[in-house]
Structure formats: structure tokens, C-alpha cells
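Q: Chains A and B, in that order, give the protein sequences.
The numbers in our numbering rise by one with no breaks, and the one at position 69 of the first sequence is 62.
The numbers in our numbering rise by one with no breaks, and the one at position 74 of the second sequence is 75.
Derived from the structure by calculation, the hints contain no laboratory data.
Errors might be hidden in some of the hints.
To be verified - Pair ranges (Cβ atoms, derived):
#	chain 1	residue 1	chain 2	residue 2	range
1	A	R197	B	P94	53 to 63 Å
2	A	E230	B	K120	51 to 61 Å
3	B	G31	A	L108	16 to 26 Å
Even for Gly, the Cβ is constructed at its ideal location relative to N, Cα and C.
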Amino acid sequence: MAGLELLSDQGYRLDGRKATELRKVQARMSVFAQADGSAYLEQGNTKALAVVYGPHEIRGSRSKSLHDRAIINCQYSMATFSTAERKRRPHGDRKSSEMSLHLKQTFEAAVLTELYPRSQIDIYVKILQADGGNYSACVNAATLALVDAGIPMRDYVCACSAGFVEDTPLADLCHAEESGGGTALALALLPRSGNIALLQMDARLHQDHLDTLMEAAMTACKEFSKVLDSVVRQHLEEVSDLTRD
Amino acid sequence: MSPMKLCVPGERLCSTEDCIPGTGTYLRHGYIFASLAGYVLRKNEGEELPVISVVRETEAQLLPDVGAIVTCKVTSINPRFAKVHILYVGSTPLKDRFRGTIRREDVRATEKDKVETYKSFRPGDIVLAKVISLGDVQSNYLLTTAENELGVVVAHSEAGAQMVPVSWCEMQCPRTHSKEFRKVARVQPEYLQA
């Protein structure tokens, strides 16, 4: 490309990262007292807020209740100020409806829903600032919120995006890399068992490169699980310190 | 009890040959994994293998289960059933109210065909009941008061005062001395403190 060079000759990216390096991740749990579980997560300049309510009784139409397990209700929205140009419609458009469905499928694979028959678990995720990797920030924030709510899960769900530029896989794409015309793959993984909860890819990629790209994304997801693990353990120790006093 | 050890969801705790899975864990491929973030608890209860479970500092939301004793408030009555809101499961308050139904046939164990709902409950009464079913699509939890220890524990008279139970089917207002019909619970001593 003439204008933008996503990967320099020395192997550095636009923001100075190596090809497989993640952006800085910061997270906090229990940011809201009203919700059963809540979490705030930053992945570089992408900021996501997740709240979880439930398990509680089915609200709305009761015909969709399942007699053997809970239903998961997800809503994804972006703040109007989260992008470079102000969004007119924070949620309900086609992209956020698709993203809500992706989140629902992801957490149906991870949450032990059969422990709560005929009930409902609500997950609301909001992007406060968008800089690429919105889906992975939402999944990671919602995972922390579910752990905070005490909902039993098989494992953390860690998500990461990956790209492919000049025969090199890139992990954790930022906005410039996502819109630079290359491949963008989003993967949600249960890291200990290695099960893939969701896989999505845009743009063209030769079949020979898919294994390399997925391997890079899975490696990045496992790195993310270490970060989430340390956040959860630190939160547990803080809570036990508070209750001990 | 072994010393406290933190665990996170997905962490492998032990094999099924060493432990029996308890709450907060799940089983897969012969191993026991944690499903909650909390502390590992290993308890020997006389059996060969200890029971391993994961406990949390803050209690998660409870769901009423079949056989649980719940405390509920009557919201509406009609000749066939009484609708209630479940407020407590055991002694744990619920954040969200769950809706339940006490059918006319489940009010007491004897003389089921002579039960009158208006002489058993009134809207606003606090009732102890037991869950007998999770219900179907139309109605939610099915509850029963067909035991001596179940029934109305707190009721207010038309004058607004809290009534005193005088027999298994009557309550009396301490102010006006008028008697009203209720399905009265023989309240256990441990519930009197609540």
C-alpha cells in the first residue's frame, strides 16, 4: 500500500507492537452495585462495560422459556460518542443485532445453563470507546461480569481478533489495521479445553494461511486468559480482605 | 478441611477417583473442574472419598427448587388459586421476585374439596409454602401449604393491626377482637426470629 504500511520492514506495527503482541489490557470487576455482576475492560483504546443480571424469572413473553435450561439474553450497544463520527443509533441496527447474536452463541457454549431451568440470564455490553476488536473486548468483559455474578461456567471465554498482512499473522487488531483492507478474524476460545466457541472472518484469505492465522488467534486468546485469570484472582483476594475485616 | 485455596472457572481440581463432585464443580472426562471463582472446600463426611466443592464469599442468586421452603406474599386470589410473589428461599432473600401459585387443592391435606380460598388467604398475607413444581408456561412455581407448619404467618386485619393466630384456621385482631379465617401455620421456633 502506498499510504499506509501496516507492518514495517523491522517487524513493528503502526503502534510499535510486534506481530503477535497484544494491546495493554486493564480490567475491573464489580464496578456496579445494582447489577449481579459487572466488569469494565480496556483493550488498548477499546473500552467495554458489561453487566449481568440473573438468573431470574423469564421476563417478557414466557413462551420462550426452556424447561430444562436457562436462556441467555444478550444486548450489544455502542455509545454514540464511541466512534470517530457520532453514531445516530446506539443499538438495534443490523451490526449490533448480529453482534448480540454472536455474544449469545458464545456464552451459550460456556455457561452451565442446565443448572437453572426455566430462568433467564441477561448480559448487557456497551462499548464506550471503539478502536478495533470490539467483539473480543465485549466477550472478555462479559466473561468477567459472569464470573463476578457467580454464574457457573465451564471456562473463561477469551476472544481475540487476528489479521494477516504480508504473510504475517497479526494479533489483536486495532482500528487502523481492521480498516486497512486486510483479513480480520475474530475467535472466541475456551482456553483450557481448546474448544472454539465462535469463529468469524471477513475478506479474502488463501486456505493455506488459515491454519497459521487460527493458531495465532488461539495463542493470543490463551495470553488473554492469563490476564483475565490474574484479574479474577486479585478481585477474589480483595473481596476476602473486605469480608475478613 | 484443608487450607483455603483459590480457584477459577475451568480449573481442574482432581480426578473422580480421588473426590466426589459437589456444588460449584462439574465433571468431564473423568476429572472434576471448577465452575465458579472462589475457594476449594474438601470435606470428609464419613464416606471413602471426600466431597469437593467451590464456595464463594458473596452468595450468588438462588433459585427456588422443588422441595424448598419459601416465604411469599399473596398478591391476588380467586376461587381456584392464589397468586403469590416469592420473597425468600429458606432464609435467603431474593433480588428478583418469582411468581408462584397455590392451588385450591394444595391448601391443606384434608378435606380438599371443602377448601375456600377466601377463608385461607388474603392479599398481602405472608405465607410459608413448599415448592412442588417448577410449573409450566402459563404459571410459574407451584406451591403447597398442605402441612401443619405451612400457611399464613403474618396477616393484617381490616383495622390494619397484625393479627394473632388463635387456632389452625382462625386469626384474631388484638385491637377490634374480630376473627378472620386463614390457613394458619404452626410456626417453628427458628422462623420466629426472622
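Q: Each hint needs a verdict: does it hold in this structure or not?
A: Consistency of the hints with the structure:
1. A:R197 - B:P94: 53 to 63 Å: holds, 56 Å
2. A:E230 - B:K120: 51 to 61 Å: Distance hint for A:E230, B:K120 holds at roughly 56 Å.
3. B:G31 - A:L108: 16 to 26 Å: Given a distance of about 21 Å, which is inside 16 to 26 Å, the answer is holds.
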